[in-house]
Amino acid sequence: MSQTLITAENILFYVTVIAYFVSTACYFYYFAARSSKAAQIATALIAAGFVFHTLSLIVRGIGAGRIPLSNQFEFATAFAWGIALCYLLAYRKFRVSAMGTFIAPILFLIIGYAAMQSREVRDLMPALQSNWLVLHVSTAIISYGSFAVSCGISLLYLFYDRLSAERQSAMPDKKKLDQMSYRVITFGFLFLTIVMITGAIWAQRAWGHYWTWDPKETWSFITWLIYALYLHLRINRHWIGKRTAMFAVIGFVCVIFTFIGVNTFIPSIHSYA
Amino acid sequence: MKLLKKIWGVFHSMKCAIVLLVILTAACVAGSLIPQGEVASYYTTVYPEWAGKLILAVRLDDMFSAWWFIVMAGLLCLNLVLCSILRFPQLLRNYREGYTLKARKKRNRPRDWEWMPKEEASVRNVFLALHFKPAVQEEDGETWQYAVRNRVGIWGSWICHLGMIAVIIGFGLGQKYMLDTYVYGVPGQEKQVEEAGLRVAIDDFEVKLRDDYTVEQYQAQITVKDEKSGKEASGTTKVNAPFHAFGMDFFQNSTGWAATAKAYKGSELLDEQVLCQGEFISLEEIPLQVQMTAFYPDYYNDGTGPTTLTPLLKNPVVIYTIYYDGNFFQMDAIGTGLPIQIDDYRFVFENPQQYTLIQIVKDPTMTYVGLGGILVILGIILAFFCRTEELWMRENADGTYAVFCRSVKGAELFADAVEEALRAEGEITGTKEEEGEHVTDFNHR
Numbered sequence: 001m002s003q004t005l006i007t008a009e010n011i012l013f014y015v016t017v018i019a020y021f022v023s024t025a026c027y028f029y030y031f032a033a034r035s036s037k038a039a040q041i042a043t044a045l046i047a048a049g050f051v052f053h054t055l056s057l058i059v060r061g062i063g064a065g066r067i068p069l070s071n072q073f074e075f076a077t078a079f080a081w082g083i084a085l086c087y088l089l090a091y092r093k094f095r096v097s098a099m100g101t102f103i104a105p106i107l108f109l110i111i112g113y114a115a116m117q118s119r120e121v122r123d124l125m126p127a128l129q130s131n132w133l134v135l136h137v138s139t140a141i142i143s144y145g146s147f148a149v150s151c152g153i154s155l156l157y158l159f160y161d162r163l164s165a166e167r168q169s170a171m172p173d174k175k176k177l178d179q180m181s182y183r184v185i186t187f188g189f190l191f192l193t194i195v196m197i198t199g200a201i202w203a204q205r206a207w208g209h210y211w212t213w214d215p216k217e218t219w220s221f222i223t224w225l226i227y228a229l230y231l232h233l234r235i236n237r238h239w240i241g242k243r244t245a246m247f248a249v250i251g252f253v254c255v256i257f258t259f260i261g262v263n264t265f266i267p268s269i270h271s272y273a
Numbered sequence: 001m002k003l004l005k006k007i008w009g010v011f012h013s014m015k016c017a018i019v020l021l022v023i024l025t026a027a028c029v030a031g032s033l034i035p036q037g038e039v040a041s042y043y044t045t046v047y048p049e050w051a052g053k054l055i056l057a058v059r060l061d062d063m064f065s066a067w068w069f070i071v072m073a074g075l076l077c078l079n080l081v082l083c084s085i086l087r088f089p090q091l092l093r094n095y096r097e098g099y100t101l102k103a104r105k106k107r108n109r110p111r112d113w114e115w116m117p118k119e120e121a122s123v124r125n126v127f128l129a130l131h132f133k134p135a136v137q138e139e140d141g142e143t144w145q146y147a148v149r150n151r152v153g154i155w156g157s158w159i160c161h162l163g164m165i166a167v168i169i170g171f172g173l174g175q176k177y178m179l180d181t182y183v184y185g186v187p188g189q190e191k192q193v194e195e196a197g198l199r200v201a202i203d204d205f206e207v208k209l210r211d212d213y214t215v216e217q218y219q220a221q222i223t224v225k226d227e228k229s230g231k232e233a234s235g236t237t238k239v240n241a242p243f244h245a246f247g248m249d250f251f252q253n254s255t256g257w258a259a260t261a262k263a264y265k266g267s268e269l270l271d272e273q274v275l276c277q278g279e280f281i282s283l284e285e286i287p288l289q290v291q292m293t294a295f296y297p298d299y300y301n302d303g304t305g306p307t308t309l310t311p312l313l314k315n316p317v318v319i320y321t322i323y324y325d326g327n328f329f330q331m332d333a334i335g336t337g338l339p340i341q342i343d344d345y346r347f348v349f350e351n352p353q354q355y356t357l358i359q360i361v362k363d364p365t366m367t368y369v370g371l372g373g374i375l376v377i378l379g380i381i382l383a384f385f386c387r388t389e390e391l392w393m394r395e396n397a398d399g400t401y402a403v404f405c406r407s408v409k410g411a412e413l414f415a416d417a418v419e420e421a422l423r424a425e426g427e428i429t430g431t432k433e434e435e436g437e438h439v440t441d442f443n444h445r
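Heads up: the sequence lines are chains A and B, in that order.
Position 166, counted from 1, in the first sequence is what the working numbering calls 166; the numbers after and before it change by one each time, with no gaps.
Position 140, counted from 1, in the second sequence is what the working numbering calls 140; the numbers after and before it change by one each time, with no gaps.
Chain A extracted, bound-state conformation:
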């Protein structure tokens, strides 16, 4: 990767980090001071950060000569990109600024984690040279991004009763927040299923087995089971409200453990990721 591209990628990446950080601060200010102007600025900053973020990924992809989804830094920054994308889509659909107060910090933490990883561009080991990997990781970004957004909405739900009546009147009621979280989870669940299936196909082509109970596989299966339980309990046992909001938060904790915890604490065939 040429020095010019490295510099360009660095500048774009750090501008993105700053945009997300300032956006998080603006959302906090909006939440504390009830300033709708601050909310507008915060959303605009996430949108601007998303543009810079996309450009930084494109520049890295050009420099590396491949889609940059193959190591811990690349996946972490793409994960943050997925959260920003899903948030902007959810905002466009639901027009609820308050959810940004809970989603922007998650976005900032994930891109902060990315910033702490090695940014070195490395050539791919043979097992990673697969189009199935690209599909597998791309869908994981959308899935994880959706779960982050649903976690943010669910946190807003859990804090709802502590807000003043005036603040509550400026946002959707709890029933609607609950449904928003549910809709986003169904989207993430579909993509998580595709993640597991494309991952299984890739594993079959690379290692001869589509499922080996490797810790990363097992944890993505655990995450899938938790969201499957959420959907069954909600649709068939009428679990709604606080209990399902807690489930959405637990589900996202599992997502984070699958992404960071497994790589850090448990030896796995995915240790490169």
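No wet-lab data here; the hints were simulated from the structure.
One should not assume that every hint holds.
[Said to hold, decoys possible] DSS-like cross-link-like pairs, simulated, lysine-lysine; straight-line CA separation at most 27 Å:
1. A:LYS93 - B:LYS176
2. B:LYS362 - A:LYS216
3. B:LYS176 - A:LYS216
4. B:LYS15 - A:LYS175
5. B:LYS362 - A:LYS242
6. B:LYS238 - A:LYS216
7. B:LYS362 - A:LYS175
8. A:LYS176 - B:LYS432
[Claimed, not checked] Where chain B lies over chain A, by a calculated footprint (3+ residues, C-beta under 8 Å):
9. 127–137
10. 172–184
11. 190–200
12. 209–215
13. 226–237
[Unchecked claim] Across the chosen pairs, the derived CB separations fall in these ranges:
14. A:GLY65 - B:VAL10: 51 to 61 Å
15. B:THR100 - A:VAL51: 17 to 27 Å
16. B:ARG423 - A:HIS238: 27 to 37 Å
Note that the structure is predicted; figures quoted are calculated from it, not measured.
Just so you know, even glycine gets a beta-carbon here, dropped at the ideal spot from N, CA and C.
Following the hints, complete the assembly by docking chain B onto the known chain A.
Frame of chain A, contents of chain B only:
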């Protein structure tokens, strides 16, 4: 009889499915956190004694093959099969007859809104704005407009469960009936694979390196001979691109170093073998064995332990271990071509080269598992993204309309969309609160 009925009821209940899902989730967590497949002493030394004993007693050391884990997965599968069978007639009936104005009127549910349209075209506009195609129906002297969309969506969870059944059964049978074996060797060698009824000849093997010595690709050229039919097939196998022949896949799985080991007594050549790392050359005359323990192509040792500077054969060194009568005798490092002298006997390692390990897999259930995966995705799309939604209106004598809406999933957001469309095309003069608490329809299983 009562007990049997009760057991039957439990087996196909949603409660049973949820309990099984919780148990399987907990088992997966334990199985991922406790190292799997270690020797028994590992668990009693690493964990407190009681915990180690517990792990071994309930097979947490081999969780995913433990009998109780398999039983739980089997019960879940049974639950899914029973539910799918029992739900089918109900779903079919519902699909055929459940989404009609008649069926909705039978339920006699309170209206959601009372609405006054702006103009005559407003009623149709509301339906069109929500992507419905309304049909006007006269019933009992009343004029109704009714529309339903995505009726096919009610099949979503059923299809998804069908897919899960295929995946679970396919995976289980695959574990039992799949062929999974391997051969390894250096170019020029031909190996028999008895389990597969094949002979595999390794024609060539290449490790493609980049300038920085990282591996770009492992590539083996192989010829496979079917012993039964006598047919042959040749091809290349690379990582991520297995060779397919005789219904089996041949994967370039692994590699390592091999060398030709020669054993002499004086000047007489007693034996000559190609040894891969970890293999032995043994003498018949005396109980002496020499193992090729490790190999370093570009040997370097700065005192912290042997390593290789590059993957190139610049300074090849073999780490060997000598056993006499089954007991450890000596371990040392020696350059290739140099003799290891033990009394009258002499051993030499020569011609180092990389060997390839080819994995041979035949899984007869793969197609079913793949089909199951596709069904699961299709089922989820139908269940959550083809939501069955209904909208119907009754014209009142005063020109207002009683408006009803129903959605199996995401009822609140659908109701919001309807309300927005109604407001755009007229005035809402009454809400559901006035008619009693709105009941969200759930899809009872």
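Against the structure, the hints come out as follows:
| no. | hint | in the structure |
| --- | --- | --- |
| 1 | A:LYS93 - B:LYS176 | violated (48 Å) |
| 2 | B:LYS362 - A:LYS216 | holds (25 Å) |
| 3 | B:LYS176 - A:LYS216 | holds (24 Å) |
| 4 | B:LYS15 - A:LYS175 | holds (25 Å) |
| 5 | B:LYS362 - A:LYS242 | violated (48 Å) |
| 6 | B:LYS238 - A:LYS216 | holds (24 Å) |
| 7 | B:LYS362 - A:LYS175 | violated (51 Å) |
| 8 | A:LYS176 - B:LYS432 | holds (16 Å) |
| 9 | 127–137 | holds (count 3) |
| 10 | 172–184 | holds (count 7) |
| 11 | 190–200 | holds (count 5) |
| 12 | 209–215 | holds (count 5) |
| 13 | 226–237 | holds (count 8) |
| 14 | A:GLY65 - B:VAL10: 51 to 61 Å | holds (58 Å) |
| 15 | B:THR100 - A:VAL51: 17 to 27 Å | violated (50 Å) |
| 16 | B:ARG423 - A:HIS238: 27 to 37 Å | holds (29 Å) |
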